[in-house]
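*Asks:* Residue numbers (numbering that gives the first Met the number 0), protein chains in the order written: chain A, 0 to 594; chain B, 0 to 594.
Among the clues, some could well be false.
The list cannot tell twin chains apart, which means a pair is met if one copy fits it or any two copies do.
[To be verified] For lysine to any residue, the following SDA-like pairs were computed, each having C-alpha atoms within a straight-line distance of at most 20 Å:
1) K422 to Q61
2) K224 to D337
3) K332 to R148
4) K182 to D333
5) K545 to P485
6) K511 to L589
7) K330 to L589
8) K330 to L175
9) K179 to P335
10) K334 to Q168
11) K46 to K79
12) K334 to A550
13) K330 to Q168
14) K457 to A315
15) K46 to D35
16) K422 to G63
17) K332 to L175
18) K422 to E255
19) K318 to F331
20) K4 to R324
21) K224 to R324
22) K332 to Q168
23) K545 to G63
24) K4 to A577
25) K179 to P512
The set of hints was computed from the structure by calculation and includes no laboratory data.
Note that this is a predicted model, so its numbers are computed, not measured.
2 protein chains.
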Amino acid sequence: MPVYKAPVDDVVFLLSDVFHIERHANLPGFADAPPDLIEAILGEAAKLCEDALAPLNRVGDQQGCTRHPDGRVTTPDGFKEAFGQIVAGGWIGISVPTEFGGQGLPSVLTQIVNEFLGSANMAFAMYPGLTQGAIAALIVHGTPELQARYLPKMVTGEWTGTMNLTEPQCGTDLGLIRTKAVKQPDGSYRITGTKIFISAGEHDLAPNIVHLVLARIEGAPAGTKGLSLFVVPKFVPQPDGSLGAPNGVTCGSIEEKMGIHGNSTCVMNYDGAAGWLVASENEGLRAMFTMMNEARLGVGVQGLALSEVAYQNAAAYAKERLQGRAITGAKFKDKPADPIIVHPDVRRALMTMRAFNEAARALVLWTALKADVAHRSSDAKERQAADDHMSLLTPVIKGVLTDQGFANTVAAQQIFGGHGYIKETGMEQFVRDARIPMIYEGANGIQALDLVGRKLAKDGGRAITAFFAEAQAYVKQHGGDAALTPYVAPLGTALGHLQQATMWFAQNALAKPDNAGAGATDYMHLFGLVALGYMWARMAQAAQQKLAAGADDRMKAKLVTGRFFVERLLPETGAHLARIQAGAASTMELPAEAF
Amino acid sequence: MPVYKAPVDDVVFLLSDVFHIERHANLPGFADAPPDLIEAILGEAAKLCEDALAPLNRVGDQQGCTRHPDGRVTTPDGFKEAFGQIVAGGWIGISVPTEFGGQGLPSVLTQIVNEFLGSANMAFAMYPGLTQGAIAALIVHGTPELQARYLPKMVTGEWTGTMNLTEPQCGTDLGLIRTKAVKQPDGSYRITGTKIFISAGEHDLAPNIVHLVLARIEGAPAGTKGLSLFVVPKFVPQPDGSLGAPNGVTCGSIEEKMGIHGNSTCVMNYDGAAGWLVASENEGLRAMFTMMNEARLGVGVQGLALSEVAYQNAAAYAKERLQGRAITGAKFKDKPADPIIVHPDVRRALMTMRAFNEAARALVLWTALKADVAHRSSDAKERQAADDHMSLLTPVIKGVLTDQGFANTVAAQQIFGGHGYIKETGMEQFVRDARIPMIYEGANGIQALDLVGRKLAKDGGRAITAFFAEAQAYVKQHGGDAALTPYVAPLGTALGHLQQATMWFAQNALAKPDNAGAGATDYMHLFGLVALGYMWARMAQAAQQKLAAGADDRMKAKLVTGRFFVERLLPETGAHLARIQAGAASTMELPAEAF
Chain A
0 MPVYKAPVDD VVFLLSDVFH IERHANLPGF ADAPPDLIEA ILGEAAKLCE DALAPLNRVG
60 DQQGCTRHPD GRVTTPDGFK EAFGQIVAGG WIGISVPTEF GGQGLPSVLT QIVNEFLGSA
120 NMAFAMYPGL TQGAIAALIV HGTPELQARY LPKMVTGEWT GTMNLTEPQC GTDLGLIRTK
180 AVKQPDGSYR ITGTKIFISA GEHDLAPNIV HLVLARIEGA PAGTKGLSLF VVPKFVPQPD
240 GSLGAPNGVT CGSIEEKMGI HGNSTCVMNY DGAAGWLVAS ENEGLRAMFT MMNEARLGVG
300 VQGLALSEVA YQNAAAYAKE RLQGRAITGA KFKDKPADPI IVHPDVRRAL MTMRAFNEAA
360 RALVLWTALK ADVAHRSSDA KERQAADDHM SLLTPVIKGV LTDQGFANTV AAQQIFGGHG
420 YIKETGMEQF VRDARIPMIY EGANGIQALD LVGRKLAKDG GRAITAFFAE AQAYVKQHGG
480 DAALTPYVAP LGTALGHLQQ ATMWFAQNAL AKPDNAGAGA TDYMHLFGLV ALGYMWARMA
540 QAAQQKLAAG ADDRMKAKLV TGRFFVERLL PETGAHLARI QAGAASTMEL PAEAF
Chain B
0 MPVYKAPVDD VVFLLSDVFH IERHANLPGF ADAPPDLIEA ILGEAAKLCE DALAPLNRVG
60 DQQGCTRHPD GRVTTPDGFK EAFGQIVAGG WIGISVPTEF GGQGLPSVLT QIVNEFLGSA
120 NMAFAMYPGL TQGAIAALIV HGTPELQARY LPKMVTGEWT GTMNLTEPQC GTDLGLIRTK
180 AVKQPDGSYR ITGTKIFISA GEHDLAPNIV HLVLARIEGA PAGTKGLSLF VVPKFVPQPD
240 GSLGAPNGVT CGSIEEKMGI HGNSTCVMNY DGAAGWLVAS ENEGLRAMFT MMNEARLGVG
300 VQGLALSEVA YQNAAAYAKE RLQGRAITGA KFKDKPADPI IVHPDVRRAL MTMRAFNEAA
360 RALVLWTALK ADVAHRSSDA KERQAADDHM SLLTPVIKGV LTDQGFANTV AAQQIFGGHG
420 YIKETGMEQF VRDARIPMIY EGANGIQALD LVGRKLAKDG GRAITAFFAE AQAYVKQHGG
480 DAALTPYVAP LGTALGHLQQ ATMWFAQNAL AKPDNAGAGA TDYMHLFGLV ALGYMWARMA
540 QAAQQKLAAG ADDRMKAKLV TGRFFVERLL PETGAHLARI QAGAASTMEL PAEAF
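Required output: the full structure, derived from the provided sequences and hints.
*Replies:* Laid out in structure tokens, this is it:
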């Protein structure tokens, strides 16, 4: 059975030594989270994930969810009790403002805890995760009445939440949504239609489920401009707080999927269900995007989470499995063979995962801290800059962390050889589970288009300009530091590639937008490598400072891992640039019939 | 349900226009296979695969194989009838020499048919495929008596074959094998031990199964030098041709795997089973390698096969699924949205698969033709050169075609969005099935080490020198041809990278062999890109000649696809070179405890 140990020490290093969280003490909620409290919270989260959730991961995969003839859905053995621990610990609301019943702690903590949850049991973690997304949308767009009625119970986890966007004929293209809303004299609406791929759509973990549903009000314009967002509870809460009769929403079936079997992916049928408008009429897409942006960062974290747990298991196996001898001569002559970690190609795979994971975690925390600044700072300029960062980096984190996270689960499985292909070791489950984050909350191709087609040019390129300025200033400031040169010089080269690619789009994509589309995925990955390389430079700097102050071997390992990153992963930027600059001609030339 | 159409036209183009199979007419068996007969055979194979085998692919995945309490194993519905068609058509023996009951046709035909079979139903195709491997070993190493007793029935497919290498404590490191053989007075042996991961180890497709088993004769040296290969039939054939009592070999259990559920992967228990020596005592490994080399080429073909069928389905879906509008303006205003094939990022994915598949198929046929020369030419020098080619290219084909084949199934699944994650569309099965070829018959890391550690230096580097000479001569000869320059110039650059990498190993890996190990996987992929790039240059040349002679749009599509390859896939060679030249330092520096 797979092992998991939450990387608490690494998180503490990042928060304290790389990002100096203490400098944010002026933000609301941060003063309530001094380093020792943060460590204590992370320790509790680690315990929950390691002891309660990880052991249920394989059970969840094997049993899956079951829809009964009466429409009820039951989750795998142990999920209900484990969800009780989520509720008891108040984990869903740790970063929710206190006015809505949360603990108001920095949202960076939520991202960290979500990484731990995702590593331990991704299918399970989606139940609280989706609830957090729904809470975010209600906080920003809900009326005070809706907020009062739903948020307290969602923040505790007593009720859970879902997002209902997809329909059989539309996933990416929400303008094609057909689900209808008809206004009632009392101001509520009747919602009718079919939604598919609804994660956590029906289950037995909570007595009520709060669906957020995109639908079209009778007579609304076609396309995305005519979409409105509704709250549709499974049971309508009564004024006295009790639950009323079942609403007209039922689970029609559960999808048979490649993975995340422990999460119920439902076809939801709305048959005149009572719904209440969130935000204004025809403003549904904007409200949904609030939810989606939170969710996209969270999905990126899932990619990291699976990469981390897969890495940990591959490393443990590589130290244990005896096979062959080191090329440089037997290392353990008393054993029938050496452990496979002596083989350079096995190391290469392990170091690749590790070098990625540590930088990806840094990128997530850096961006999550920006989210806190964007939501909590009293300085408008600072808020705007932080918001620009988030808006720019969210598609990069979603796309790159899930693509590479998946690739790393495959590499980790490979270290197990044939045993990795057998269900028993659990490695193939990581691969199957890691496949979905590349698809949902906007497939990665859409993330790349969002980055290239929307985020680069937004506000006159303010966000990308600021990112370049920061990275370039860093390279300039530290380029002369001999100890940091191995990290900063390759970062400078990679940053140059990203700038050239950005320039190339500016010069070649206005007249021929296909040039942007054909280069978008490469650009997203090029951007990701630069951002991760920047994280490595900053981590190396912090590690060198700690070593100078007498720190342990862990900081030496950081420096080696960072060197591996710049030597082995960063050179890919040149290939991405070449592909981008090739343009769209050969990509677009064939007629559709030729395929 | 997935669709499949065997690429007969593409094969005919490769055989006739690129590799000029008619120039091999002097080889035994080739004169019996004029172009029209080859087309007829391929047409029959296509029919079998499209109509009979492809429809069973999902059934096989859903039902899997069942082990009954009495040890019998039954295959999914329809497999037995389909296997009857394999036997009736004589498909297993099309390239087996006529003296052993085969048709003696070029072995290139077997590789082509195996691609079709693998695309249609990989789990099913393994039953005849493994039989072919066992036949190959018996032809080269079996005594005339063993050959007479087993080959006729195996060549027809009346009996099937298996390879038994792996044990719980050893996969890659066969020196650790513990299965014992004890010589009997009658010259036979008693075999005792446990083998795991035995594909097609037990099933109901044939009345007898011929296991080839690696074991250690009592008193034999430790390590790989003490291994011998044995034939262990499920039922011992009697002199009158009937089957005797059951031998002491049974299926202990069936593994639960990630994919290829239609193939029974067995734990095989040998309990004093009667076995007969193949080759000489302690020569088992060499005999097993005969079988393995055939098998490795076949496994590479599986990677291509799954990539091809995944591509076909992704292309069909992309032409059908309506979502969004082309960036350059709506293409189908009468429809609610454009088909997603209008989007450059979807095209990029499709073109990547296609550009790979067409070149991979060329590489397989080029190499399979060399196998025919190596086995059938009367000219010793020609035989040796062909054998060098095969020996060098086999690990490249196995490693690169399965790694990239898997990546392509993932990319094809991505085009389906959320629908690709649902079992119903069949796309996720391709991903799960495509995962195993990267592992079995020597995990891809082992292929890379075989290439770098063994094949490069073998016979003073004769094989790689010849490969470089041929590719360089081609680049030189056609470098000045303006029409071919777009293909040949990038090939020259990529070839330069491969030569630099080879030189770097020569200079840096003798003193520090870890430098070779740490760069092996990158080298294998670099080699693959150069080999595929060379195939594209030759295909482009043939396509231009055909176009000049008035050929159709298919040849224009070839030229565009080739351009996509050199613009979008080939630039990766520079990154591989950079990674190789980084050496092993950061890869090997951390102590094992740091992981």
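*Asks:* All hints are to be evaluated individually against the structure, with a verdict given for each.
*Replies:* Evaluation of the provided hints:
1. When the C-alpha separation of K422 and Q61 is checked against a cutoff of 20 Å, the pair qualifies both within a copy, at 10 Å, and between copies, at 16 Å.
2. Taking the shortest alpha-carbon separations for K224 and D337, only the inter-copy value of 19 Å comes in at or below 20 Å, while the best intra-copy value is 63 Å.
3. In the homo-oligomer, the alpha carbons of K332 and R148 never lie at most 20 Å apart, since the shortest distance is 69 Å inside one protomer and 44 Å across protomers.
4. For the homomeric pair K182 and D333, neither the shortest alpha-carbon distance inside one copy (79 Å) nor that between copies (31 Å) is at most 20 Å.
5. Proximity of K545 and P485 under a CA criterion of 20 Å is satisfied intra-copy only: 18 Å inside one chain copy versus 52 Å between copies.
6. In the homo-oligomer, the alpha carbons of K511 and L589 lie at most 20 Å apart inside one protomer (17 Å), although the nearest pairing across protomers, at 48 Å, exceeds that limit.
7. For a Cα distance limit of 20 Å, the shortest separation of K330 from L589 across copies, 15 Å, qualifies, whereas the shortest one inside one copy, 56 Å, does not.
8. For a Cα distance limit of 20 Å, the shortest separation of K330 from L175 across copies, 17 Å, qualifies, whereas the shortest one inside one copy, 63 Å, does not.
9. Taking CA atoms no more than 20 Å apart as the test, K179 paired with P335 passes between copies only; the shortest distance there is 17 Å, against 69 Å inside one copy.
10. Taking the shortest Cα distances, K334 and Q168 sit within 20 Å of each other only across copies (13 Å), while inside one copy they are farther apart (60 Å).
11. Taking the closest pair of Cα atoms, K46 and K79 come within 20 Å of each other only inside a single copy of the chain (18 Å); across copies the shortest separation is 52 Å, beyond that limit.
12. Proximity of K334 to A550 under the C-alpha cut-off of 20 Å is found in neither arrangement, the shortest distances being 34 Å within a copy and 65 Å between copies.
13. Taking the shortest Cα distances, K330 and Q168 sit within 20 Å of each other only across copies (18 Å), while inside one copy they are farther apart (59 Å).
14. Taking identical chains as interchangeable, the C-alpha atoms of K457 and A315 are never at most 20 Å apart, the minima being 46 Å within one chain and 35 Å between chains.
15. Proximity of K46 to D35 under the C-alpha cut-off of 20 Å is restricted to the intra-copy arrangement: shortest distance 16 Å within a copy versus 70 Å between copies.
16. Taking CA atoms no more than 20 Å apart as the test, K422 paired with G63 passes in both settings, with 15 Å inside one copy and 14 Å between copies.
17. Taking the shortest Cα distances, K332 and L175 sit within 20 Å of each other only across copies (14 Å), while inside one copy they are farther apart (67 Å).
18. For a Cα distance limit of 20 Å, the shortest separation of K422 from E255 qualifies both inside one copy, at 18 Å, and across copies, at 6 Å.
19. Taking identical chains as interchangeable, the C-alpha atoms of K318 and F331 lie at most 20 Å apart only when both belong to the same chain, with a minimum of 12 Å there against 58 Å between chains.
20. Taking the closest pair of Cα atoms, K4 and R324 never come within 20 Å of each other, the shortest separation being 29 Å inside a single copy and 46 Å across copies.
21. In the homo-oligomer, the alpha carbons of K224 and R324 lie at most 20 Å apart only across protomers (16 Å), although the nearest pairing inside one protomer, at 65 Å, exceeds that limit.
22. Only between protomers do K332 and Q168 lie at most 20 Å apart by alpha-carbon distance; the minimum there is 17 Å, versus 63 Å within a single protomer.
23. In this assembly of identical chains, the alpha carbons of K545 and G63 never lie at most 20 Å apart, being 46 Å within a copy and 55 Å across copies at closest.
24. Taking the shortest alpha-carbon separations for K4 and A577, neither the intra-copy value of 40 Å nor the inter-copy value of 34 Å comes in at or below 20 Å.
25. In this assembly of identical chains, the alpha carbons of K179 and P512 never lie at most 20 Å apart, being 34 Å within a copy and 67 Å across copies at closest.
Hints 3, 4, 12, 14, 20, 23, 24 and 25, counting from the list given before, are not met by this structure.
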